[in-house]
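Participant: Given two chains presented individually in distinct reference frames, assemble the corresponding complex, making use of the accompanying hints.
These protein sequence lines map, in sequence, to chains A and B.
Quick note: the first sequence uses the numbering used here, first residue 3, plus one each step.
Quick note: the second sequence uses the numbering used here, first residue 5, plus one each step.
Be aware that one or more of the hints could be misleading.
[Claimed, not checked] No more than 35 Å apart at the CA atoms, straight line, and that leaves these computed lysine-lysine pairs for DSBU-like:
1. 235(A) - 96(B)
2. 265(A) - 183(A)
3. 222(B) - 141(B)
4. 141(B) - 265(A)
[Said to hold, decoys possible] Per the computed footprint, the stretches of chain B lying under chain A, defined by three or more beta-carbons under 8 Å from a beta-carbon of chain A, are:
5. 24 to 34
6. 100 to 108
7. 164 to 172
By construction, these hints were calculated from the structure, which means they are not laboratory data.
Here the structure is a predicted model, which means the values were calculated and not measured.
Even for Gly, the Cβ is constructed at its ideal location relative to N, Cα and C.
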Amino acid sequence: MRLWQKIFLLTLLLTLLAVNTASFVLLTRNQANSLVLAKEKAQTICSSVVSELERAIQREKEQSGHFLLTDQELSQLLWAEIELSAWEQEITVAPVRFSEDAKITQTRLISSGQRNNLIQVSTTAFWEGRFFRVTVSSDVSELFAQFAEDMVFSQWFGGAIALIIAVALLVASLVLTKPLKRLEAATKQIADGAYQERIQVKGYDEIAELSRHMNAMSEEIEEHVNHMEQILKSREIFIANMTHELKTPLTSILGFADILTIKSHVSEEERREYAAIIATEARRLRVLSSKLMELISLQETALDLQQVDLQELIGRAVETFLPVYTERQCQVQTDVPGVKISADSALFTSLVLNLLDNALKASSSGQTVTICGEEKGGNVILQVRDHGIGIPQEQLAHVTEAFFMVDKARSRSAGGAGIGLSLCKAIVEAHHGTFGITSKESCGTTVWITVPIAKGGIVE
Amino acid sequence: MPYKILIVEDDENIAKYIHTCLSVGGYESEICMDGQSAVELAADRCYDLILLDVMLPGLDGFEVMEKIRGYGIPVIYLTAMQDVTNKVRGLKSGAEDYIVKPFETLELLARIELVMKRHRKTDAVLHYGRIRLDTEKHTVQMDDRPVSLTPKEFDVLAFFIRHRDVVISREQLLAAIWGYQFEGETRTVDTHVQQVRKKLDLQGLLVTVPKYGYRLLKTEG
Chain A
3 MRLWQKIFLL
13 TLLLTLLAVN
23 TASFVLLTRN
33 QANSLVLAKE
43 KAQTICSSVV
53 SELERAIQRE
63 KEQSGHFLLT
73 DQELSQLLWA
83 EIELSAWEQE
93 ITVAPVRFSE
103 DAKITQTRLI
113 SSGQRNNLIQ
123 VSTTAFWEGR
133 FFRVTVSSDV
143 SELFAQFAED
153 MVFSQWFGGA
163 IALIIAVALL
173 VASLVLTKPL
183 KRLEAATKQI
193 ADGAYQERIQ
203 VKGYDEIAEL
213 SRHMNAMSEE
223 IEEHVNHMEQ
233 ILKSREIFIA
243 NMTHELKTPL
253 TSILGFADIL
263 TIKSHVSEEE
273 RREYAAIIAT
283 EARRLRVLSS
293 KLMELISLQE
303 TALDLQQVDL
313 QELIGRAVET
323 FLPVYTERQC
333 QVQTDVPGVK
343 ISADSALFTS
353 LVLNLLDNAL
363 KASSSGQTVT
373 ICGEEKGGNV
383 ILQVRDHGIG
393 IPQEQLAHVT
403 EAFFMVDKAR
413 SRSAGGAGIG
423 LSLCKAIVEA
433 HHGTFGITSK
443 ESCGTTVWIT
453 VPIAKGGIVE
Chain B
5 MPYKILIVED
15 DENIAKYIHT
25 CLSVGGYESE
35 ICMDGQSAVE
45 LAADRCYDLI
55 LLDVMLPGLD
65 GFEVMEKIRG
75 YGIPVIYLTA
85 MQDVTNKVRG
95 LKSGAEDYIV
105 KPFETLELLA
115 RIELVMKRHR
125 KTDAVLHYGR
135 IRLDTEKHTV
145 QMDDRPVSLT
155 PKEFDVLAFF
165 IRHRDVVISR
175 EQLLAAIWGY
185 QFEGETRTVD
195 THVQQVRKKL
205 DLQGLLVTVP
215 KYGYRLLKTE
225 G
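Chain B on its own, in the form it takes in the complex (with noise of 0.2 Å):
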């Protein structure tokens, strides 16, 4: 069952961005454009997390987080403004997260896993067709037979499995697995695909975009 997440957001562009951002990354989404519904509505239901914008009508963002916290949702705040006294202040009113505006897609998606994986709510076993991957033991198995990778390459593929159907850039690769300070080419993203391509047997499935990067196509059913 994919997870839920509420948006709380009172610009509506912004708001339909994120919604198309998370279902993107395979998320459930709904959209609430003030505080006060923002509150009634995490009572209401279960999410598992919420995305809050600081400058809200009504009450602020720092307000609906204090009459929220009490769930135990895991809240990101989403802002414009990047100060530290706010970010502190963000933080330490229990935020998971802070989110600076504006934010790329993947950056986004990269922050809600981690905050996921922290609170064990992303699964430790990723499925892709034949292949079985196991994100806590670090192994790979096709057809119950263990695929040896190495550490990067076993990242990369569970890159790829994540972010199904997505069109990577070699640069987002290079800084969701090496990090941003990694000063490399972007050969080195080539070489690791192509390795991870060989051994899981992925012609045809991990396909390249020409000038871009990389695509790990949906698997049938």
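Next up, chain A with everything else stripped away, as it sits in the complex (with noise of 0.2 Å):
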């Protein structure tokens, strides 16, 4: 049962009880007043019947100047007065016998059916040394008719006014549930899926703040839901890119051993050329697979987080990279504070050698990268600055996606599977620092990480 309907029944009972039992009540109180009145009229009817009759009787005995009336005389008498006077009750004189209780004058309420009721009140007379009972009727049936017509108009008149506040009651329920109604509309929406709905509020009542509360409540689910979603879209991508990245070195590897297996003839300088592409390809494959097991492995174990001198591990990178760059005639430059930080050594080298990878690639011949560090409130601030070609700014904000590069085929020839910076964010991020980019387009890359300061690590 809906709510308008709950009040408009309770309402109409209610008022419907109310508005009857007090006129009930009322009028059946009326009712008896009314027949008291008529009771006490009545009784004073009777008496100066009585005592009419008595005067009539002395009258007649001084005209007729006898002492005592005779039986016949005083019953003549006695008929004649009743007939002449014109009374409106029906007045009744008979001859009893004495008794006691006789004597007493009596009130009785003779009912016979709804349209036949009468007051009856006898007394005893002593006339002429014989005792007479004289009884008045007074018909009150036009009392109880009364009576009666006033119940039936009551209630009708109670069913009326119970309906026009029911309904009245109904109507206002209705406007003050139409907020509630806007309410389940909208709930009933959200329910579906559509999170971005919200409610009008208006005012300051319950439901206002109810609806506030839903709105809340409705913002952080569509909150969550976009967030959830964006997971999903990311990791869909990233599976979408890795098959990518899988299947086209694998396509070439398994292409080009096809071809050699197959084709009947194959020229001494084409089998070279095959069998360069199959090795390329496959190492491509193995720098994929080896950086995919790190970023992957850094998500599934807990770190093995020790007391790391920063300038020594830094240092230890340079040196295992130094070859390298000496072979591109690039140099590396490195000024780190002393500080030690809680880090996994293994995976904060890897961190570096990652980044000093990325410059050298982005770097020409004779330029040179730094390595500069400096604490600040805590934390330290490692800058790995290069001066090479720079990242554009429009995919600045998607370098650090798996999978992401700027230039595919350069990154390619240089051996980049494209998720060299993906891989060092998360290491960054296991190590509760923060990691971020900033570059300008053939003048150079800047990636600045902060990492916090192990407790009593600063060594003076």
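Facilitator: Okay, here's the thing in structure tokens:
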């Protein structure tokens, strides 16, 4: 049952009950009063009838000069008196034998059916040595008829009043619950998946309050859903990219191996070329798989955190990479303070190597790559700067996405797989640090990393 | 005149591989590395078929397909993506076939041949030396004399003539002629090849490649 239906029925019943009870009580009281009055009136009439008759007897005795009236005279006189006088009520006079209780004046209500109600007052008179019973019957059917009529009227009236009040309340409740309707519609839409739906809030009552909370709730839900969708999408993109990156070298490897098998005449030159392609692509696959393994194991295994001297770690990394730099006729400059950080030594070395590798790939021969660090508020900021080709502004936001390559052809010819930077970012984040890149095309790129210094790790 | 095929593939080595594949199958081909130039090339030149990579820089394969649909050139997609939605999308966009990387040379050639057949671009009549093979009427003639072959022998011969000078393994023959689901032994292949060799006098031309399979040598001239 809807709320408005409940309100309607409840008010209808309650008002009906209240109005009818009140009118019933009032009418009954009124009726009782009227009856009392009617009885009193009948009693007065009764006593006045008795005294009237007595006066008539006296008058008759004076006129006739008799000391006593005979039975016949008396009954004739009484009959004549009663007949002649115009009493509204029915009056009977009957001789009775004396009895003790007959002395008392009696008042009775005689009801025989709806239309025949009488108030009967009887009293005993003693005239001329004889007892007479004088009875006055007053018809009060009118009173009862009126009562019944009033009852019916009050019921109809009460019903009408109840209906009017119920309808009024119904309208009021519909108006009051209108915002609830809106709320209901909006929540249904939200429940059906329209998380961007918001409820219009008006006023400051409970419903408005509830609406505001609902809005806050759906906002939260929408945010979560969007977040989940984003994660799902980026995972899908990751897998699609990974498939592509794995299958591209595989296609060439399997393809050229197949060609070498089925082609009947392969010249020496062709054979060398095909073999070289197979080797290159296999190497690409090796780089890709090792980087992927690193990326995956980084997400799954706990870090082996130790107090590591940053200066020492970077010194060692640069040393390993130096032959490659010398080959390309590039230099590395380091200026790193001797602070201790809490890090997984192997992972952090791999991070530095990756950055050095990237910087070298971007540089042309003769250029210098700088690694410098500075302490700032409990953190150490490490910068790796090159003066190479740089990254176009609009692609800067994407470079940490897995498999993203600014220049696919150049990156592949340099043996890149497109996951170096996303690996770096993941390593830094695993160390509770932040990672950022600033770059300007044909001016160079700076990668900066902030990692917290280990407690008591500052070496004087 | 050999058929001309356009290869649209952004990876240099894969493009080179496909090019080599096609030359083995006797097709001429051109390579193009991105979507935009593929659209331009398809408009300018008459290609019999386009092999289209889906993941391309600039315009992707589906977008290229939209633009070249009007030219009526059959298209086969080449892609690393093997999920069904992509496949359906590819085929719905009007492509003839959808090949998932990595793929083998003979598979690619077989799929191309099917598409060509559908577009009535393959010759109904194949010639090899004194042999004339009509693939529509299923008849073989040698020096204008009919030779009677069983249907499977006919298919084996047609396959060798189509892939002349290619080394074909017994497994590949099994897959191509009897279908992948056929669980027969490679000896079946040997019997059929021997029959074909004997009936058409191909000793010395349809040679056995030790431990691998067979090869039909090129005829002179």
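Participant: Work down the list of hints and note, for each, if the structure agrees.
Facilitator: We went through each hint and held it up to the structure:
no. : hint            : result
1   : 235(A) - 96(B)  : 24 Å, holds
2   : 265(A) - 183(A) : 77 Å, violated
3   : 222(B) - 141(B) : 25 Å, holds
4   : 141(B) - 265(A) : 31 Å, holds
5   : 24 to 34        : holds (count 3)
6   : 100 to 108      : holds (count 4)
7   : 164 to 172      : holds (count 4)
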